[in-house]
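Visitor: Chain by chain, the residues run as shown.
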Amino acid sequence: MFRVGGTVPLMDPTQATREVFWNIEYTWLVYVLMVPTLAVFGWGFWLKIRRWRAGQPAIRFDRPAERLQLFLRNAVGQGRTIKRRYAGVFHTLVYTGFIVLFLATTVVAIHHDTPLHIMKGHFYLIFQSLIVDIFGLFVLVGVALAAIRRWISKPKLLVYTDEASWILVTIFVMALTGFMIEGWRIAVTDDPWAAWSPIGNLFALASDPLMSDAAMQTGHVAIWWFHLVVAFGWIAWVPFSKMSHVFTAPLNIFTANLDGYGGSLKTIDFEAAERFGINHLGDFTWKDLLDFDACTECGRCTDVCPANTVGKSLSPRDIILDLQGLMHKRGDEFLGAVDGDGGNGSGELLPIIDQKTAVSPEALFACTTCAACMEACPVHIEQMPKIVDARRYLVMEEADFPEGMMDMMNSLESRQHPFAGTQFSRVDWTEGLDIDVMAEMDDPHEAEVLMWVGCGGALVERNRNTVRATAKLLQKAGVKFAILGREESCTGDPARRVGNEFLFEMLAKGNVETMQRYGVRKVVTSCPHCFNSFRNEYPHFGGRYEVYHHTQFLDQLLESGRLDGHDAADGSNGSSTITFHDPCYLGRHNGEYEAPRNLLAKVGGARQVEMQRSRNTSFCCGGGGGMAFVDEPPDQRVNQERAQEAVDTGADVVAVGCPFCATMLDDGVNARRGDREVKVKDVAELLWDAVGEPGQAAP
Amino acid sequence: MKLLVCLKQILDPDVPARDFQIDPAAKAARRGGANLVTNIFCENAVETALQFREAATGEVKITALCYGESSAEDCLRKAMAMTVDEACLVERDGNTNPDAAAVGRVLAAAIRRLEQDGGPFDAVLVGRESGDWGVGQTGGLLAEELGRPALGFVESLQPGNGGVTLRRQTDVGIEVAEAEPPFLVTITNNEDNVPRIPKTRDVMMSYRKPLQKLSLADLELDSEEIRTGSSIFEVEEIFIPADEVECELAEGDTLEERVDQLAKRIHEVVASIG
Ligand code: SF4
Ligand code: SF4
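Chains A and B supply the protein sequences, listed in that same order. For the first sequence, position 287 (counting from the first letter as 1) is numbered 287 according to the working numbering, and the numbering increases by one without interruption. For the second sequence, position 198 (counting from the first letter as 1) is numbered 1198 according to the working numbering, and the numbering increases by one without interruption.
Take these hints with a grain of salt, some might be off.
[To be verified] Computed footprint of chain A on chain B; a stretch qualifies when at least three of its residues, placed anywhere within it, have a C-beta under 8 Å from a C-beta of chain A: (1) 1007–1017; (2) 1026–1037; (3) 1192–1201.
[Unchecked claim] Below 25 Å or equal to it, Euclidean Cα-Cα: the simulated BS3-like pairs (lysine-lysine) are: (4) B/K1199 / B/K1061; (5) A/K266 / B/K1199; (6) A/K509 / B/K1209.
If you are wondering where the hints come from, they were derived from the structure by calculation, not from laboratory data. For every residue, glycine included, the Cβ atom is placed at its ideal position computed from N, Cα and C.
Using the sequences and the accompanying hints, generate a full structural model.
Guide: Laid out in structure tokens, this is it:
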């Protein structure tokens, strides 16, 4: 089957090699052409680096060991890319193929241009011939799969540009012509090692009966130069196309935010800042600017975005790409602005917020800050913090925001809670429960933990049951806890997410001061938004606490036996099926997926089912980012989309761990459950139902 | 042009029902845990003045004036954050609930003092009524004290030919009037004078702007007289109306019977109320 060399006596594999420039004259031309190629390539990247350097400072080369780990996992190991099966397969084929072909080219260069003649023997046969051939085939197949997706199945998440198509065509041509020249060389030279290059050999075998040796030889020269010109041209084009992600993406992953999404917003120095928030490229950090250049246009962020899913104009992918476009097209003006001579030569700074682009106020204010985009992005681009940066500009510099957010902010300012018009005070829910309030205690230090109730827990009727259940569980476990009562203020989370950093800072500082007064060290809260603020944001203002979400704390109480889980396993809930909705600010933002599930496993033997999108791919309830205070158009409601998914699991209880999720999903489930009885309940309520004293079933 | 807006700080009218308490002896609401806010119609007045300034071609200067506790400084700072130019607080020493006539006298004295220093105000804007007592007399009594013509329930001020064009709400519709300064208006709300949220930089700047403080003595007013001397009404008693709900179910075996019973009871109840 395989064509084997005719001169059998020379078949000594240790001597196997091939002539590098077989059949090629004027080889010096290769080196001559390489100069402009590399020059353009270098210039292209120099332009990029210059733009990034114009950004504001950011510390992203610290903690090298962690960075290297991330780099190995998600850049080298393609950890996130392979999460989507189809794209993962074709990208891995092309990506590994490129690496092997690049190594092979390096081997040729070393062999030919240095005294180290390494391309021979078994290494030549196994790596340089067989493996390279196989990986070359990977590239062909990978590109073909990508082309099928781009030209035939056409999923919505892609950006359909000519550039992207040309990239596929050129890569395909390079790989194909590579095999052609290999095949013709094998055929004409009667290569004794042909069997080691199966694809090239296949080409040789196919050509042999059709073409004379002379024709193959001529064809070889022509295609060889063609291959070289395409390859060099392609290399020079890399920095100007999305192929630059080959370099920018690994760099972006290495310099990614290591602190989790919950800590990804920047603080502002209000005394020094020239502008609050961002409406100009030069106000971004260099890492933000690098983000723009690292985008691979894969569209995964927009694909998972809850706002986009329900038909709103927000598309994180297009925000990144529009800003990238702005940075490229207006690059010099942008640099000019950074250097101090004003954006477009007139002293004006180019705005990034623009009604006509993806960065419109309407899109910006649709974001729930759920961070699904960041979790989906294979190259760790940080879309959400940029959205918040732009919102900050609109809110603080322009005082321009949706009406619902205005009422919320007004209320936060004058009443320190976001629920304008609530009929409850912060302590109404404690009625009949005998709960210590720090201000009224002789020695507040006696309290082992501060139970942070949160506005959503104390002031929204539906959630008062949750905080009551939590408090009663703590009491049952004998935990010495107290609340701040009327001294509690909103943590400022809703203000921060909508972009009112100033208000957030005021509230945060106030709370830190109050908590300092009572020597608070340990905090447990049933609101993941408060949890996130304490855990990731308050340390900036001097508030350092041991922080627990109530599910974590209760889980520990059960584990340690302080809370008796014995009754819980009595099967009293055995008939029910529970599905848990991961709150964005507990799960994705802070990495806690297990505690609530552990608790639910103890809820009377109920069966747990998962929604299609759960854990780190959980779909937002629609209430984050201040959106709980905005009236969504009836046909664009994120909560209903999520509720449908919950209802579709067949569960009769949707378990939640967040007061905002509770109200959003309550509404959503009621709209979508049809005739079925589906309840939305906090994990603490369910646990109390299971372990509470007999006769106290309803807290 | 120079505009003056009067502000009042009140107990948050949005205070949760259970937090609202009354001190029967003092015949006043107890502050308790409630917040203090600027009376909403006063904020509408600030917004109306700001919109006038934005529409005017010439220079317009806006001053905010408040007679209140030192905590009322917050209201004035907020007005300055909304970009009012100047603010003045007349400190109210312990007089918890001065009536409208007393307030009118104090404000008039303060206005005369401010005019002495900085020239006359073309227009004085006062909120229609306050969200705590809702008496709605301060504007009229202040106009009387100042001896200026007044118009109530105004929703907007626009620069007109030579004077100011006013739109006011009446029972039968909107009345448009031309006014020749100086005058006083009381401001009511409409969808266009919703108070703006200040820009953050303006909030920060508001703390750097000077705030003039005057005492009753500075205005040569006798605080005892203000407290007692001008009472136009007397509070006899103050209480929270009891909200009693009685629930009764219409009885009957069939729907018809229940409906009949319901109708009968409605007649009886209506008759008993008279
Ligand atoms: S944070 Fe969530 S809502 Fe905002 S852009 Fe990303 S995916 Fe969309
Ligand atoms: S930002 Fe990330 S997820 Fe979104 S399109 Fe670009 S590379 Fe893909």
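Visitor: A separate judgement is required for each hint: does it hold in the structure or not?
Guide: Hint check:
no., hint, in the structure
1, 1007–1017, "holds (count 4)"
2, 1026–1037, "holds (count 3)"
3, 1192–1201, "holds (count 6)"
4, B/K1199 / B/K1061, "holds (19 Å)"
5, A/K266 / B/K1199, "holds (20 Å)"
6, A/K509 / B/K1209, "holds (23 Å)"
Hint violations for this structure: none, all hints satisfied.
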